[in-house]
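Participant: So the chains spell out like this:
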Amino acid sequence: MSGQTRLTVIVTEVVAVNSLIKRFRFVREDGGLMPGFSGGAHTVVEMDDNGTRRLNAYSLMSDPADTSGYEISVRRDDTGRGGSLFMHNGVKPGMKMVISQPVNLFGLDLRAKKHLMIAGGIGITPFIAQMAQLDSLGHRFELHYAMRDRELGAYMKELSARHGERVHAYYDLEKQAIDLANLLKIQPLGTHLYVCGPKGMINWVLSTAKAMGWPKGALHSEEFLAPPVGEAFKVELSRSKITVEVGPTQSMLEALEAAGVDAPYLCRGGACGQCECRVTASDGEILHYDHWLSDEQKAAKTHIMPCVSRFKGERLVIEL
Amino acid sequence: MSLDDAFKDPFFRDESFFGDFSYKNSPHAVNRFPFPFPEDDYMYSVNMEPHVKGRPGSIFEHYFDVDEHYVSEMRDRARVLEQDPLRCQSLPHMTLAGWDLLELIMEKFAEEYPQWFALTKDSNRWHWINRPLGIDQKFTFLDESTLPMGPFEYITRQAQGDFTLQDQREDNLWIEAGMVTSQADWSLDFDIGMNFHEWHAPVPLAHQMGIFDRALKFLLALQHGAPVRRFNWTMTVDPLLDTSPENYHKWGPTKTTLTPENIGKRQHLRVELQTLIRLPRSNAICFPIRCYLISMDDLVTRPKWARRFHRVIKTVPDELATYKGFIRNKPMILDYLSKFDDGAPTSPGWWPED
Amino acid sequence: MSQTQADEVMKSRPLYGTLTPKQGSSHFIVADGEGGDAVAALLNAAPDMKPLAHIVYIPGANGTDLTALLEGLGARVFHPAPSYASASQRIRKVLGDAHMGLQLYVAGTEGLIGQVQRDAIAAGLPHDALTTEQRGSKARRVQCVHCKGITENVTLDPFVCSHCGLNLFVRDHYSRRLAAFQGVCIDAEDPGEVPPSEERFK
Numbered sequence: 046m047s048g049q050t051r052l053t054v055i056v057t058e059v060v061a062v063n064s065l066i067k068r069f070r071f072v073r074e075d076g077g078l079m080p081g082f083s084g085g086a087h088t089v090v091e092m093d094d095n096g097t098r099r100l101n102a103y104s105l106m107s108d109p110a111d112t113s114g115y116e117i118s119v120r121r122d123d124t125g126r127g128g129s130l131f132m133h134n135g136v137k138p139g140m141k142m143v144i145s146q147p148v149n150l151f152g153l154d155l156r157a158k159k160h161l162m163i164a165g166g167i168g169i170t171p172f173i174a175q176m177a178q179l180d181s182l183g184h185r186f187e188l189h190y191a192m193r194d195r196e197l198g199a200y201m202k203e204l205s206a207r208h209g210e211r212v213h214a215y216y217d218l219e220k221q222a223i224d225l226a227n228l229l230k231i232q233p234l235g236t237h238l239y240v241c242g243p244k245g246m247i248n249w250v251l252s253t254a255k256a257m258g259w260p261k262g263a264l265h266s267e268e269f270l271a272p273p274v275g276e277a278f279k280v281e282l283s284r285s286k287i288t289v290e291v292g293p294t295q296s297m298l299e300a301l302e303a304a305g306v307d308a309p310y311l312c313r314g315g316a317c318g319q320c321e322c323r324v325t326a327s328d329g330e331i332l333h334y335d336h337w338l339s340d341e342q343k344a345a346k347t348h349i350m351p352c353v354s355r356f357k358g359e360r361l362v363i364e365l
Numbered sequence: 010m011s012l013d014d015a016f017k018d019p020f021f022r023d024e025s026f027f028g029d030f031s032y033k034n035s036p037h038a039v040n041r042f043p044f045p046f047p048e049d050d051y052m053y054s055v056n057m058e059p060h061v062k063g064r065p066g067s068i069f070e071h072y073f074d075v076d077e078h079y080v081s082e083m084r085d086r087a088r089v090l091e092q093d094p095l096r097c098q099s100l101p102h103m104t105l106a107g108w109d110l111l112e113l114i115m116e117k118f119a120e121e122y123p124q125w126f127a128l129t130k131d132s133n134r135w136h137w138i139n140r141p142l143g144i145d146q147k148f149t150f151l152d153e154s155t156l157p158m159g160p161f162e163y164i165t166r167q168a169q170g171d172f173t174l175q176d177q178r179e180d181n182l183w184i185e186a187g188m189v190t191s192q193a194d195w196s197l198d199f200d201i202g203m204n205f206h207e208w209h210a211p212v213p214l215a216h217q218m219g220i221f222d223r224a225l226k227f228l229l230a231l232q233h234g235a236p237v238r239r240f241n242w243t244m245t246v247d248p249l250l251d252t253s254p255e256n257y258h259k260w261g262p263t264k265t266t267l268t269p270e271n272i273g274k275r276q277h278l279r280v281e282l283q284t285l286i287r288l289p290r291s292n293a294i295c296f297p298i299r300c301y302l303i304s305m306d307d308l309v310t311r312p313k314w315a316r317r318f319h320r321v322i323k324t325v326p327d328e329l330a331t332y333k334g335f336i337r338n339k340p341m342i343l344d345y346l347s348k349f350d351d352g353a354p355t356s357p358g359w360w361p362e363d
Numbered sequence: 008m009s010q011t012q013a014d015e016v017m018k019s020r021p022l023y024g025t026l027t028p029k030q031g032s033s034h035f036i037v038a039d040g041e042g043g044d045a046v047a048a049l050l051n052a053a054p055d056m057k058p059l060a061h062i063v064y065i066p067g068a069n070g071t072d073l074t075a076l077l078e079g080l081g082a083r084v085f086h087p088a089p090s091y092a093s094a095s096q097r098i099r100k101v102l103g104d105a106h107m108g109l110q111l112y113v114a115g116t117e118g119l120i121g122q123v124q125r126d127a128i129a130a131g132l133p134h135d136a137l138t139t140e141q142r143g144s145k146a147r148r149v150q151c152v153h154c155k156g157i158t159e160n161v162t163l164d165p166f167v168c169s170h171c172g173l174n175l176f177v178r179d180h181y182s183r184r185l186a187a188f189q190g191v192c193i194d195a196e197d198p199g200e201v202p203p204s205e206e207r208f209k
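Residue numbers (my numbering), protein chains in the order written: chain A, 46 to 365; chain B, 10 to 363; chain C, 8 to 209.
Next comes chain A alone, as it looks inside the complex:
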């Protein structure tokens, strides 16, 4: 990424929304306005976690029309690699950070006659921005938001106040569940369906919709994969002619960047395809974690997505 695709910002607010979620607000260091953005966009936050450089993507949840600052929410993952823990424990108001310009891999289809949104847990964040944008454009939308309990139902109050009957909450602990089949049955032709949340929920919603005859072009989903932890391994780069060591809590992409290799990326979560690398030799097993490569490509061991995927074996050579 070139310099203009990054923004130097100051953290102005850190708010504990509940026991698991903190909200962060960023404004520009130079006092200028943020670029506008489109609902569904994310930003990549750069972290210096005690010498380890981490770049995590978080959906922008503030109103896209508010160019005075950006807001994200981070759910703490106590068993993850440390990015969310760093955000929760290490980021304080007044800190300077670097974030990317907005990138949208979960855009609204503004041709839709109606937007039907289904959120699970922290998957609510892109919808908060999208609903603000749709509201100002005068489009029809409806949100169905499932979460564990009222305490974790972050933002439900604000959303109800802002959007009234258009938002519906479901609390797992109160045995409430989205009546998906009936919901999908009554949608007018031209409705687009958006889902963001845990993998299981995304699969359930998409497979139900497909089985009920919803066309692929009307279905949208976003799931950010956190790069999984694993065993350390080495990767040889055929063009740069160097070998890079990937640590157990580091992704291959992060290791390449730490070694000074300028590798392309956008989502860092196995979805966008930008970091795809050709594999020229592989003596071992590629652990594919992305949802970009086809099953054939994965089986053929010809490509790897360094943002999330790992390797186990003797020797891996990629074209970079």
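Quick caveat, the hints were computed from the structure, so don't treat them as lab data. Among the clues, some could well be false.
[What the hints assert, rightly or not] Here are the simulated distance ranges between beta carbons: (1) B:H37 <-> A:E91: 56 to 62 Å; (2) B:P65 <-> A:R185: 37 to 43 Å; (3) C:R83 <-> A:L225: 22 to 28 Å; (4) A:P243 <-> B:H136: 44 to 50 Å; (5) C:L59 <-> A:S252: 52 to 58 Å; (6) A:S339 <-> B:P101: 46 to 52 Å; (7) C:H170 <-> A:S339: 32 to 38 Å; (8) C:L59 <-> A:G183: 48 to 54 Å; (9) B:T265 <-> A:G183: 41 to 47 Å; (10) C:L59 <-> A:R98: 54 to 60 Å; (11) A:D180 <-> B:F30: 49 to 55 Å; (12) A:D328 <-> C:A129: 52 to 58 Å; (13) B:G219 <-> A:L225: 37 to 43 Å.
[Unchecked claim] 27 Å max Cα-Cα, derived DSSO-like pairs, lysine-lysine: (14) A:K159 <-> C:K29; (15) A:K261 <-> C:K29; (16) A:K255 <-> C:K57.
[Said to hold, decoys possible] Computed footprint of chain C on chain B; a stretch qualifies when at least three of its residues, placed anywhere within it, have a C-beta under 8 Å from a C-beta of chain C: (17) 187-199; (18) 209-219; (19) 260-268.
Even for Gly, the Cβ is constructed at its ideal location relative to N, Cα and C.
Add chains B and C to chain A, keeping to what the hints say.
Facilitator: Relative to chain A, chains B and C alone:
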């Protein structure tokens, strides 16, 4: 519209792009002409580079180049739109992208050419002044009812070059708005609504070369804040901006009227500076296609360009010369140019004096 | 403007498949001419669809009329129509009232498929959500790029625009929005020099 009726900056030429074709490049404009060939032969390539500021005085000095033809070009656009309103269309879901473009052009113009343009903002209440065109407009940003026409048409009537807006969805780009009055023979009315491969369908050879697959993958990842640019080129008889398929039966016959005596004056190299810009609120991609015209007489005043252009035309495959519409006059063009090619080597890059 | 090679196939040209049953809450089926045979094959292969099926059938411009065959299939609704123009209001109303889960099938000439696809897009369906099958005449719907008039059932190339009278050659370039191929003046540069017409689209 009362502002500065008397405003006249002699920088802007009073000229025509039809009828008597009084269009002409000043010596300054010839010198900064974007000659698009960095080498002595030509073949398709994705050839994209970051759209960053370039040499002072060059067409890359500013984000958008406003040059001596600005006022006359905008007058020509208004004339074409009056004859054929279908040259500007925006599908309903592209209005937000139109606002994005309006904001970008107004901000860049006001920042880079304060002697001509001014933009003041009080929240969403904006005040726009375009002195060369005599426009003084107060309006509410994102409220269409406060402008005399849609935001996309409003602003592209005030900016040189054609513009298209591409919506991004289903891992593709969809051309769904356009202001097209200075086009190299393609029809917005026909192409609007197509995806990336579909609207490039008529281009020969490049599909098989995988050019469009690579270009699309690159563009889908185009980031806000990092625009890119490339050149394209063709040949046009007379300085006619509006070489539309709609009017092809009217301008096509002029190709038969070239003679060895008039070819230097009438045959023009037509260069398109194509920029690709990610727009913020809509996530659409804006594609300005800026057309620069130069007569062969003016072009050969730069010895390096004269030599190289002769060699490029000589090596262009016939399919391409046919697609670009100059196969009929290729021998006459080569004849003319050969007189300026002494066989001496040319330096790399396209700057005339390097 | 380049001349089109007779065998040129452009990336904008639509591709068609075969009518196969899809899962859905209702089935809206539009066909013309020989497309009726594809509809019969579809419903005979999947008789479960019949109680949920609504068929609109238009006899072909070439005289092919399978009305009796389709009427006998046992669809919940069968509507014979003399032309697309006479059926278009009905098609738009059915689509406008429909819910997600409706499946749309079109069989027959490219002109019909393109026009129903356009109605479907206007109703909010993705352009590739239709199931289509080309049957019968390959005659084309062509828009004159000069006067914008559309000439139906073009079989000859070049042909004379039925609106402005220019001599047009038929490009393979196809507009989904117009549901038409592009016709461009063939003798613009040499008025009057028109090659003999060939029957290219039977």
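Participant: All hints, please: hold or fail.
Facilitator: How the hints compare with the structure:
1. B:H37 <-> A:E91: 56 to 62 Å: 45 Å, violated
2. B:P65 <-> A:R185: 37 to 43 Å: Check failed, 51 Å falls outside 37 to 43 Å.
3. C:R83 <-> A:L225: 22 to 28 Å: Holds, at about 27 Å.
4. A:P243 <-> B:H136: 44 to 50 Å: 49 Å, holds
5. C:L59 <-> A:S252: 52 to 58 Å: With a Cβ separation near 22 Å, C:L59 and A:S252 fall outside 52 to 58 Å, so the hint is violated.
6. A:S339 <-> B:P101: 46 to 52 Å: Given about 35 Å between the Cβ atoms, the range is violated.
7. C:H170 <-> A:S339: 32 to 38 Å: Violated - the Cβ-Cβ distance for C:H170 and A:S339, about 48 Å, lies outside 32 to 38 Å.
8. C:L59 <-> A:G183: 48 to 54 Å: Violated, since C:L59 and A:G183 (Cβ atoms, about 35 Å apart) do not stay within the stated range.
9. B:T265 <-> A:G183: 41 to 47 Å: 54 Å, violated
10. C:L59 <-> A:R98: 54 to 60 Å: Holds - the Cβ-Cβ distance for C:L59 and A:R98, about 57 Å, lies within 54 to 60 Å.
11. A:D180 <-> B:F30: 49 to 55 Å: 52 Å, holds
12. A:D328 <-> C:A129: 52 to 58 Å: Holds, at about 56 Å.
13. B:G219 <-> A:L225: 37 to 43 Å: About 42 Å separates the Cβ atoms of B:G219 and A:L225, which means 37 to 43 Å holds.
14. A:K159 <-> C:K29: Judged against 27 Å, a Cα distance of about 23 Å means the pair holds.
15. A:K261 <-> C:K29: Holds, because 13 Å separates the two Cα atoms, which is no more than 27 Å.
16. A:K255 <-> C:K57: 21 Å, holds
17. 187-199: holds (count 4)
18. 209-219: Three-residue rule met by the segment 209-219 of chain B, so holds; n is 5.
19. 260-268: holds (count 4)
When the structure is compared with the earlier hints, violations turn up for hints 1, 2, 5, 6, 7, 8 and 9 and for no others.
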